[in-house]
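Enquirer: Going down the list, the protein sequences come from chains A and Z. Numbering follows this note's numbering, in which position 245 of the first sequence is assigned residue number 245; successive positions increment by one, without gaps. Numbering follows this note's numbering, in which position 150 of the second sequence is assigned residue number 565; successive positions increment by one, without gaps.
FYI, nobody ran anything at the bench for these hints, they're computed from the structure. None of these values were measured; they are calculated from a predicted model. Check the hints yourself; a few may be wrong.
[Said to hold, decoys possible] Only pairs whose alpha carbons sit at most 30 Å apart, straight line, appear in this in silico DSS-like list of lysine-lysine: (1) Lys-636(Z) / Lys-560(Z); (2) Lys-519(Z) / Lys-55(A); (3) Lys-227(A) / Lys-647(Z); (4) Lys-361(A) / Lys-487(Z); (5) Lys-636(Z) / Lys-55(A); (6) Lys-448(Z) / Lys-56(A); (7) Lys-55(A) / Lys-139(A); (8) Lys-636(Z) / Lys-449(Z); (9) Lys-227(A) / Lys-449(Z); (10) Lys-636(Z) / Lys-4(A); (11) Lys-636(Z) / Lys-448(Z); (12) Lys-560(Z) / Lys-225(A); (13) Lys-449(Z) / Lys-55(A); (14) Lys-4(A) / Lys-448(Z); (15) Lys-56(A) / Lys-647(Z); (16) Lys-560(Z) / Lys-56(A); (17) Lys-227(A) / Lys-147(A); (18) Lys-647(Z) / Lys-519(Z); (19) Lys-487(Z) / Lys-55(A); (20) Lys-56(A) / Lys-636(Z); (21) Lys-560(Z) / Lys-55(A); (22) Lys-480(Z) / Lys-55(A); (23) Lys-448(Z) / Lys-227(A); (24) Lys-225(A) / Lys-139(A); (25) Lys-55(A) / Lys-448(Z); (26) Lys-636(Z) / Lys-480(Z); (27) Lys-225(A) / Lys-449(Z); (28) Lys-361(A) / Lys-560(Z); (29) Lys-4(A) / Lys-449(Z); (30) Lys-56(A) / Lys-449(Z).
[Unchecked claim] Derived contacts from chain Z toward chain A, CB cut-off under 10 Å, selection only: (31) Trp-446; (32) Pro-450; (33) Leu-482; (34) His-596.
The C-beta atom is built at its ideal place from N, Cα and C for all residues, glycine as well.
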Amino acid sequence: MLTKFIETMRQRISRPLQYYADICVRCGACVEACHFYVASGNPAHIPAYRMMLVKKLLQQGGNGRGILDWYRETGRIDDQTVTEIRHALWECTGCRRCAVFCPFHLDTGLLVNTGRYALLQEGLGMEMTAEIGNAELSKGEIVDALKEFYVEQVRELEGRLREEWGVPDLRIPVDQAGARVLYVPVVGEHAIIPLAKIFHAAKENWTLSLFTATNHSYFVGDIPKAKQVAHWIVDEARRLGVQVIAYAECGHATRTLLQYFDHWFGEELAGIQRMSVVQLVAQYLAEGRIRVRPGTFTMPLTYHDPCNLGRNAGIYEEPRALIRAVATDFRELTPGRELNWCCGGGGGMIAEPDMLEVRIKAGRPKVEQIQRTGARVVVTACENCKTQLADLSERYGLGWEIKGAVDIVADALVM
Amino acid sequence: MELLAFVFYYITPYIAVVVFFGGLAYRVYRWWKKPPVAAHLSLFPRPQSRLGRLLDTLVDMFTLKGLFRVNKPLWLGGFIMHLGLLFVLVGHIRAFTDFYFLWKLLGWGKEEQYLFSAIAGTTAGTLFTIPLFYLLARRLSGAVKWLSVPEDFFALILLISIALTGFHMRLLHHVEVEELHRFFAGLASFRWQPPPTSTGSSFIYHFAFAQLLMVYFPFSKFTHTIGSVLSKMVARS
Ligand code: HEM
Ligand code: SF4
Ligand code: SF4
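Modelling step: build the complete structure from the supplied sequences, incorporating the hints.
Expert: In structure tokens, the structure reads:
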């Protein structure tokens, strides 16, 4: 049992992962960090326990009866082990809240990422997410064939928005060589509409990417594929000669953009700045390139730091600057910032219908935390968080309005 | 028994030293051999400059401030234990040589030296030992129980054993450091000297447990001593 998992894991274990495995003192400082454990009480959800499980499998040598097996607690691998390892590796959002809690900052997110890939080789779980990853990968090969259809759709949207907003010169450029900014959205109009408005107001020379920012291969730890998917976008940016790649409000994609790209692509990125669109819009606001109506939002409003923008990428101030410009009753969450509770829906779980109940449960600490602020509007800057927060609001009957940080700017924009 | 004592006095110390340093080198080599992760594993916020990040790592190493923020009881136990350990280790320099310079500076004779060592040593030992019992006790219940494997109990009980045999010498005997100096100098130069007698019967146990710790150290979670530096740096990279 789990032989493929063990074999793959042995091959893929990286330097930090190796010393994480060796130095975890099992002190338990990470126990209360994980929303899955706090909500479920299941030991397989304790960050350090996840590591113990993997370590146990890697050390598996004998029949589980020797003195060394007793000492390391490497019992026999049975169905119970398989169940536990599935809980441990799939039910994690990779939020790295536990890494903030751990005195050594052991990165359980990294462990889970590597372990997931190994579990997939065993045929255990999250096939849907892996499939979406494959679709994103093949899109790069057929993008020329898709282009015509896509451009047509965008033209249609453009026409509609011109009428709706009464702005006849509104443009949504696609695949525009010589643009300054390449905006990479996520699937759906909602990721394009507010930016079309803001870019127009800022008189930005921009273009829409033919791709989307999402990278599901990253969720299942298939790093070579994730890199190839990201490479389509780097290629596009170079072909069009842009100076800035701006990613939509999408947590994991932003993390790859800011924390992985220079390792992946190095020199290829020379002269190209990378940022979240939230940072770009905050720049416009700071430079006075756009103007907003202060006090557009007067109801109690809070901001949820997406793990991948906050503690994993350091984007704390920009979204707050946007909020302060348009809202009068902004309430911070406690614990906040790098100690903020994860929404409970990240790590690719949104794509898996089977995992709905798990993530609704894991969202409980988040729900309680937001309820304490009395906020009616919850602003965030990650597609995953938005979906999860909307699901939480519905399932717990909370009636929140969920908004993106760029949405509230678009709402308050002076055209 | 005689033979066993002989082995622990004159044979295994060499093995312990070799295994300790060799083992740690092997551990680091094993880490080095693995491919690095092609990503920044940084946690934010973090200091902007390289120097700032290095300083922050050092401060965190000596104060465990990250742990303080999220778990005060564990911080208190862990911090005092490690602080006591640090003092105890510094104190053990006296087993091999002496703070001659310091004594001269202070103008202290043998009596004062002994009194000072007795007070400082006992205090450091107490700071080290009491939290070990707390760390042991917290493993018996709650979520930390899920995380505790025999290895964890072994580590704590080994440290407690070393501490208690040490206390036995400190509190019930008047140890002559010159005797120890002679003994260890003998070991180091392979010109064996008779074992110390002023230490009473517990010296051989204390010495043997300490050797066991040295042998065990590179192959256990004690490697957090060096690994924590790496992981703390990586989280601030
Ligand atoms: C750079 C040096 C070191 C640092 C930064 C460090 C830090 C830590 C931290 C943060 C913990 C976890 C929380 C706690 O229990 O306080 C821990 C646990 C522990 N440390 Fe260290 N340590 C260091 C060196 C050592 C050394 C040299 C030893 C022993 C020879 C040691 C023995 C232990 C033990 C036994 C535990 C586990 C406590 C338990 O079982 O709960 N440490 N250390
Ligand atoms: S806090 Fe870190 S060292 Fe302690 S048990 Fe958790 S992962 Fe291990
Ligand atoms: S990364 Fe987040 S979800 Fe995963 S174990 Fe750590 S706290 Fe839990």
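Enquirer: All the hints need checking, so say for each whether the structure fits it.
Expert: Structure-based check of all given hints:
Taken as a hint, the Lys-636(Z) and Lys-560(Z) pair is honoured in the structure, with Cα atoms around 17 Å apart against an allowance of 30 Å. This hinted pair does not check out: Lys-519(Z) and Lys-55(A) have alpha carbons roughly 53 Å apart, beyond 30 Å. For the given pair, Lys-227(A) sits about 27 Å from Lys-647(Z) by alpha-carbon distance, which is consistent with the 30 Å threshold. About 28 Å separates the Cα atoms of Lys-361(A) and Lys-487(Z), which keeps this hinted pair within 30 Å; it holds.
Our distance criterion of 30 Å between C-alpha atoms is met by Lys-636(Z) and Lys-55(A), whose separation comes to about 13 Å. A threshold of 30 Å between alpha carbons decides the hint, and for Lys-448(Z) with Lys-56(A) the separation of about 21 Å falls inside it, so the pair holds. With a CA separation close to 37 Å, the supplied pair Lys-55(A) and Lys-139(A) exceeds the 30 Å bound. Among the hinted pairs, Lys-636(Z) with Lys-449(Z) is consistent with the structure: their alpha-carbon atoms are about 19 Å apart, no more than 30 Å.
For the hint linking Lys-227(A) to Lys-449(Z), the alpha-carbon distance of about 20 Å falls within 30 Å, and the restraint holds. Annotation: proposed proximity of Lys-636(Z) to Lys-4(A) holds, straight-line Cα distance about 27 Å (limit 30 Å). Straight-line distance between C-alpha atoms of Lys-636(Z) and Lys-448(Z) comes to about 19 Å, which keeps the hinted pair within the 30 Å bound. For a cut-off of 30 Å, the pair hint linking Lys-560(Z) to Lys-225(A) is broken: about 39 Å separates their Cα positions.
Between the alpha carbons of Lys-449(Z) and Lys-55(A) the distance comes to roughly 16 Å, so the proposed pair stays at or under 30 Å and holds. With a CA separation close to 22 Å, the supplied pair Lys-4(A) and Lys-448(Z) stays within the 30 Å bound. Proximity of Lys-56(A) to Lys-647(Z) is assessed by CA-CA distance (about 25 Å); at most 30 Å being required, the pair is judged to hold. Between Lys-560(Z) and Lys-56(A) the CA atoms are separated by roughly 17 Å; this keeps the pair inside 30 Å, and the hint holds.
Between Lys-227(A) and Lys-147(A), the direct Cα distance comes to roughly 22 Å. Compliance with the 30 Å bound is thereby established for this hinted pair. About 40 Å separates the Cα atoms of Lys-647(Z) and Lys-519(Z), which puts this hinted pair outside 30 Å; it is violated. Taking the CA atoms of Lys-487(Z) and Lys-55(A), the gap is about 28 Å. The hint holds against a cut of 30 Å. Distance restraint check for Lys-56(A) and Lys-636(Z): the Cα-Cα separation of roughly 14 Å lies within the 30 Å cut-off, and the hinted pair is therefore satisfied.
Only pairs whose Cα atoms come within 30 Å are accepted, and Lys-560(Z) paired with Lys-55(A) is accepted, the gap being roughly 18 Å. Under the criterion of a C-alpha separation no larger than 30 Å, the hint pairing Lys-480(Z) with Lys-55(A) is consistent with the structure, at around 28 Å. Between Lys-448(Z) and Lys-227(A), the direct Cα distance comes to roughly 23 Å. Compliance with the 30 Å bound is thereby established for this hinted pair. About 12 Å separates the Cα atoms of Lys-225(A) and Lys-139(A), which keeps this hinted pair within 30 Å; it holds.
For the hint pairing Lys-55(A) with Lys-448(Z), the CA-to-CA distance comes to about 18 Å; that is within 30 Å, so the pair holds. A C-alpha spacing of about 21 Å is found between Lys-636(Z) and Lys-480(Z), which places the hinted pair at or below 30 Å, so the restraint holds. The straight-line distance between the Cα atoms of Lys-225(A) and Lys-449(Z) is roughly 21 Å, inside the 30 Å bound, and the hint therefore holds. This hinted pair checks out: Lys-361(A) and Lys-560(Z) have alpha carbons roughly 24 Å apart, not beyond 30 Å.
Annotation: proposed proximity of Lys-4(A) to Lys-449(Z) holds, straight-line Cα distance about 20 Å (limit 30 Å). Distance restraint check for Lys-56(A) and Lys-449(Z): the Cα-Cα separation of roughly 19 Å lies within the 30 Å cut-off, and the hinted pair is therefore satisfied. Because the beta carbon of Trp-446(Z) sits about 5 Å from the nearest beta carbon in chain A, less than 10 Å, this interface hint is met. Checking Pro-450(Z) against chain A by beta carbon gives a least distance of about 6 Å; that is within 10 Å, so the hint holds.
The restraint placing Leu-482(Z) at the interface with chain A holds, with a minimum CB-CB distance near 4 Å, inside the 10 Å limit. Given the 10 Å rule on beta carbons, the hint for His-596(Z) is violated: about 35 Å separates it from the nearest Cβ of chain A.
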